[in-house]
Amino acid sequence: MSKLLIRNGHIVDPVNNLDQEMDLLIENGVISKVGKGINGAGAEVIDAKGKLVMPGLVDMHVHFRQPGGEGKETILTGSQAAVRGGVTSVCTMPNTQPVTDNRQIVEFILAEAKKAELLHLYPAAAITKGLEGKELTEIADLKAAGVVAITDDGRSVMNAEIMRRAMEYARMCGVVVISHSEDLSLTEHGVMNEGIVATRLGLRGMPNMSEAVMVAREILLAELTGAHIHCTHISTKESVDLIRQAKAKGVRVTCDATPHHLTLTEESVIGYNTNMKMNPPLRTGADIEALRQGLKEGIIDAVATDHAPHSESDKDVEFDQAPFGVIGVETSFGVMATELAATGKLTWKELVLRMSARPAEILGIPAGTLSVGKPADVILVDPNKKWRVKAEEFCSKSKNSPFIGRELQGKVVTTICCGKVVYKE
Amino acid sequence: MDKKAILLDSDGIQRALVRISHEILERAKGTKELALVGIRTRGAFLAERLVREIEKIEGAKVAIGALDITLYRDDLTMIGHQPVLHKTELNFDITDKTIVLVDDVLFTGRTIRCALDELVDFGRPKRIQLAVLVDRGHRELPIRADYVGKNVPTALEERVEVHLTEMDGKDEVMLV
Amino acid sequence: MNKWTRKDLLGLEELTREEIEIILDTAASFKEVSARSVKKVPALRGMTIANLFLEPSTRTRISFELAAKRLSADILNIAPSASSISKGETVKDTARNFEAMKVDLMVVRHQSSGTPHLLAKNLSAGVINAGDGAHEHPTQGLLDLFTIREHKKKIDGLKVSIIGDIAFSRVARSNLWGLSKFGAKVTLCGPPTLMPRGVEQLGAKVTHSLEEAIQDADVLYLLRVQLERGSGKGLPSLREYVRLYGIDGERLKKANPDVLIMHPGPVNRGVELTSDVADGKHSVILDQVTNGIAVRMAVLYLLASVRGRNVKTTHS
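Protein chains in written order, with numbering that gives the first Met the number 0: chain A, 0 to 424; chain B, 0 to 175; chain C, 0 to 315.
Keep in mind that the hints were calculated from the coordinates and are not lab data. All of these numbers come straight from a predicted model, not from anything done at the bench. Keep in mind that the hints are not guaranteed to be accurate.
[To be verified] Here are the simulated DSBU-like cross-link-like pairs (lysine-lysine), alpha carbons at most 35 Å apart as the crow flies: (1) B/Lys31 x C/Lys30; (2) A/Lys398 x C/Lys38; (3) B/Lys31 x C/Lys38; (4) A/Lys423 x A/Lys314; (5) A/Lys2 x A/Lys35; (6) C/Lys204 x B/Lys86; (7) A/Lys128 x C/Lys2; (8) B/Lys86 x C/Lys86; (9) A/Lys373 x A/Lys314; (10) C/Lys30 x C/Lys232; (11) B/Lys3 x B/Lys125; (12) C/Lys152 x B/Lys60; (13) C/Lys253 x A/Lys398; (14) A/Lys48 x A/Lys128; (15) C/Lys153 x B/Lys86; (16) C/Lys68 x B/Lys125; (17) B/Lys86 x C/Lys232; (18) C/Lys180 x B/Lys60; (19) A/Lys419 x A/Lys142; (20) C/Lys91 x A/Lys396; (21) C/Lys232 x C/Lys2; (22) C/Lys91 x B/Lys86; (23) C/Lys68 x B/Lys86; (24) B/Lys125 x C/Lys39; (25) C/Lys38 x A/Lys236.
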């Protein structure tokens, strides 16, 4: 019987409407008691004075590159990076090599995650075989293997008929369809946001509408099929408006945005920094404003990082040739805490809602709360701690972060998963 | 406090230039096939003055050119500041002529070596002579002047400053 | 006195007007050198310059080659197919290898914008951008400024219209930067499909009407229509382009009587302009080519002196 008592911390658990100083007792990997002045007899005690105690974060969009891309990241190193960032549940994307489009690969991934024993890994599988956009995968079988979502992320499903069928089928199976919303014909050859900065730098741009056009399609198809569609990494004000309208109408659409889209503009690309190159690209201040507003209102349900590791030699090339993507799982809490909570634009409860409770709900996984009886996935956070993002401190195998050198305020100091301390600062 | 000594005043410069003009004409036995080429910037002004003097004496106009030797320096990378580029103007054929190079101060001789290098890129003069206003010694190359305004022994740390009306508002040569 | 301190020339956007003037004034002296019978000065003797042209080019490469040779430098020409890049070596590694052979200056042309910046960051050798993607072609912008200044004596207040495929043109961008810094009034003219977003914010007037661009223009700068570079999708055909934007003698009458016709070359006769305009009295296209050598000599000279100082300080 292992007991762990977290004492004197400030609990933030929006689902259970808790935002006060309380103790939390964990027994056998499960939350057994939440209240004031819990008796710590026989328990290992962690003094959380001055710290916030939150449910472990849920990052519903990460690329852990295994199988096939082990040079950039493995399930082990990705998990280590995640728990350092306070993330205890992840949903991994299927654009692995080979593509996660069949049961065998799903089982391999789950086995690797079990070996690492650091967090809860829920794989997403591909919508179409080989991500080719032509034939649906065996979604029911994949669900039985443990998949929680289907997506062709990395690519967009350009064929509306395929997306329609996928939605209908997924609805039956009870998995959420995640859409990487991009009209590939509008973004052809594009490497950054279309606009004045792209013109100055002589780079080809991807306009806002290339995302909005596809978000609109997904919303309409969701209306048609009654399915739940989740648009991931929303980056434009137009998408926010479309989703706001759709939600008002009762369409089952949810979405997430990344910390970098919520904080960085296209100007960061000046100087041809490839650590600022990702898809969708960094947009303008007006888009950031709209995203932040959407996040506050709940139009944007969740924050997800789209953690996309790439090796240094892959990224240190001409801007056009560099692959899209930045890592994010180790810095997401710090960035969100600094930019949003510290500036008063978001409360801690709202932050936990967006980074833990809502993504868990969307994926249908048992996380995001500190309810009694639930797995003890808990993080301790020092809201005042100032720290600088250093590449050499990353647990991730890759260092392609847009936040290197940045000073942040707010750090995860302890991460507990299933009652076991998996990260301590 | 700079210890300044005036080596040549306005009159002194004028007399030296008149004497040099006579000397040039004497050796050249007239103005036929004679040309003066001044080394920018002050050498070029001195060359112009010499041409005027020669015209006063002989009544004939002698060909004149100006060389900018910046691109021929051997110490390009050692200079603390960007050498300002002026233009070389040699609008006549120098081949088979007697060229008198004109400069204000002869010191190490390196400037004259650059001028010689540049000059031979333009043609093959019959002979090249050198006229300077001041020779301050300390040659680092085997170069000597044919016509000298004033010989002034100097210490290495000292500077010889030539001021000409065309550029500096007054005529004088100072030892600093 | 102003002096040139940059190790690299990557674009005109980041230069001050004074810095550009240093280059143009220096170029004036070099123009004289090309007019001599012995077209050589020993200024850069012993320096090694590499032409890393990873996008095909003849005239710019030759122009740089002549400029280097007239300064007595040694110049290497690396063609894309012959380079190890075709074997999968990265651009950065290729350049580093040349640096290991003690190359002093590298002239780089590449189809990806920002490549010279990547190299400049990683090399101690000086990098000169000879054209990167759609970003900039600074020596072209400089020689164009030089040519305008030569003919018009000043640039402030001149109406300059740049016509054609602006979106994919690095020459248009460099000229926009250069001309704006010198107070010219720039008009960009072309079909909306070939006009980059946000360009009005950079201080240029934008029009799709050729008439508006020609009216009272002091300089007409004609861009090459580049169907091979992606402007293909923005234009249904060359015929349409000629009808809307081709310059011929009739259209030219609406411009100022002393209008200059300029073009970065190579010229598509019958497309951007008719033969009689290309060869007519307004055309200074060949002057641009002559001035290109002088300007490139100036750029090599100025960057070489910075390089020389840097090399000396690492050895002393």
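A/Lys128 and C/Lys2: Cα distance at most 35 Å?
-> Since the Cα atoms of A/Lys128 and C/Lys2 sit roughly 62 Å apart, the hinted pair is violated (cutoff 35 Å).
Is C/Lys180 close enough to B/Lys60, meaning Cα to Cα at most 35 Å?
-> Violated, because 46 Å separates the two Cα atoms, which is more than 35 Å.
Does the structure keep C/Lys152 and B/Lys60 at a Cα separation of 35 Å or less?
-> holds (33 Å)
Under the criterion that the straight-line Cα-Cα distance not exceed 35 Å, is the pair A/Lys419, A/Lys142 satisfied?
-> holds (28 Å)
Given the proposed pairing of B/Lys86 with C/Lys232, does the C-alpha separation stay at or below 35 Å?
-> Judged against 35 Å, a Cα distance of about 49 Å means the pair is violated.
Given hint B/Lys125 paired with C/Lys68 - CA-CA distance at most 35 Å | holds (29 Å)
A/Lys2 and A/Lys35: Cα distance at most 35 Å?
-> The given pair, whose Cα atoms are some 17 Å apart, holds under the 35 Å limit.
Pair hint A/Lys423 and A/Lys314, alpha-carbon separation not exceeding 35 Å | holds (31 Å)
Mind checking the alpha carbons of C/Lys253 and A/Lys398 for me, to see if they're no more than 35 Å apart?
-> violated (59 Å)
Is C/Lys30 close enough to C/Lys232, meaning Cα to Cα at most 35 Å?
-> The given pair, whose Cα atoms are some 41 Å apart, is violated under the 35 Å limit.
35 Å Cα cutoff - pair B/Lys86, C/Lys86 = violated (47 Å)
Is A/Lys398 close enough to C/Lys38, meaning Cα to Cα at most 35 Å?
-> Between A/Lys398 and C/Lys38 the Cα gap is close to 52 Å, so the pair fails against 35 Å, i.e. violated.
Consistency with the previously given hints fails for numbers 2, 6, 7, 8, 9, 10, 11, 13, 14, 17, 18, 21, 22, 25, ordered from lowest to highest.
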